[in-house]
Amino acid sequence: MATWLGATSSSALLRGKIALALPPLVAAQRRLDQHPDPAAAWIAFLGTLYGSVRASVPLLETALDRARDLSTADPLAAGLVDYLRHHAEEERGHDEWLLQDLRSVGVASTELLSRPPSGAVAALIGAQYYWVLHYHPVCVLGYLMVIEGDPPNRQQLLDLQGRSGLPASAFRTMLEHADLDIDHASELADLLDRLPLSPSHNEALGLSAISTVAGLTRVLNEVGDRLAEVGIRVSPGLDCSLPDGRIGS
Amino acid sequence: MGNGSDVDAVAKLDEIIRNRGTRQNFHKHPKRTMQDEGGDPNAVPREVWDTVTHMSSAELDAIGELGVALDHSGLLDGHLAWRHVV
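Protein chains in written order, with the working numbering: chain F, 1 to 249; chain P, 1001 to 1086.
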C-alpha cells in the first residue's frame, strides 16, 4: 500500500480509493505475467490495449468539448479546459505507435482494425462517456488517475522483453509511457488539488476510478481467458494470430 | 501492512465491506461497526482508515463488489508490466 499518501488532499484521497480497488487488477496482471508463453500473452495484451488507446484522444476531446460548454457558469469545468486540451494533444498518435509495435511482430493492422472491439473495452470506455456527457467532465480524471497514476515500470518491461524473446519494437509504446506517465501522474495530481471539487465531485471521481479498475480487470481477464482457451504458442517473426484469427481487442 | 494486528484489522475491515449489511452499518458508524464485528479500528493503518471513512455509500458498494479481498498478500505491491496506457 505504498501508494497511499494520507487522505488529506483530493489527489491523495483518490489514490487511496484506487489502492483499495487494485487487488483484482493486480491479480489479472499477474496471471498474464505468469503465462507460459510470454510472447503470445504480450501480443494478445497489446492487441487488446489498442482497443482502449485508440479511444483515448476522442474521449479526452469529448470531455474537453463538454468542459468548454459548461465553463462560463462552472469554475470546475473551466479549470479542466487547458489540461484536457493539452493532454489530448500529448496522447495523439499513440494508437498508431501501438499498431507499429504490433506490425513489428507480424500482426497485420488491417486484421486488427477489422475485428469487432471487445465488449469489456467498450464498457470501460463507454462508462467514461456516460459520466462525462451526463454528469461532469471531471469524471474522466478518475479514469486517468488509474491509468496514468501508476505507470508501467521500465525494468519490468525490459525483463518481460527478455523472457519473451520479442524484439524491443514490441515494447516501444509501453516503454515510452513508462517515462511519460511519471510526469502525467504528477500533473494530474497537481490539477486535482487545485480544482474546486465538491464532495459530490470527489465521489464521482472515486466511482469513475473504481469502475475503471473493475473494467481493466475484466479486460485483462478476457485476454487471460482467451489465451487459456486456445492454448496458443506464438513465436516472433511467425504468424502471430490465434488459431481463430484473433489476437486481442 | 506491517504487523499481525494490522493484517487482522484490514482483513476484518475487508469482511465488513464485502457484506452489504455490515457495509451499510460501517458507512454510518465506522468505529462502532468495527468493534461490534470484533475488529480493532485503531489497528487499521491510518491511510486505509482515512480513505474508507471518507468514501460514500456508493463507493463502498463499488469496492465491495470487486470480489478480491483487501488482505490478499502481495497483491498490493505489484509492479508488473501489464499496465494500460492512454
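Hints should not be assumed to be uniformly reliable.
As the list claims (entries may be wrong) - Residues of chain F placed beyond 12 Å of chain P at every Cβ, according to the derived structure:
(1) His35
(2) Ala41
(3) Ser52
(4) Leu70
(5) Gly106
(6) Leu133
(7) Gly165
(8) Pro167
(9) Leu195
(10) Glu229
(11) Gly231
Unchecked claim - Output of the computed footprint for chain P on chain F, the stretches with three or more beta carbons under 8 Å from beta carbons of chain P:
(12) 72-86
(13) 108-115
(14) 210-219
Keep in mind the hints are simulated off the structure, nothing from the lab.
Glycine included, C-beta positions come from ideal geometry on N, C-alpha and C.
Here's how the hints hold up against the structure:
no.	hint	in the structure
1	His35	violated (10 Å)
2	Ala41	violated (8 Å)
3	Ser52	violated (6 Å)
4	Leu70	holds (23 Å)
5	Gly106	holds (21 Å)
6	Leu133	holds (19 Å)
7	Gly165	holds (15 Å)
8	Pro167	holds (16 Å)
9	Leu195	holds (17 Å)
10	Glu229	holds (19 Å)
11	Gly231	holds (20 Å)
12	72-86	violated (count 0)
13	108-115	violated (count 0)
14	210-219	holds (count 7)
When each numbered hint is compared with the structure, violations occur for hints 1, 2, 3, 12, 13.
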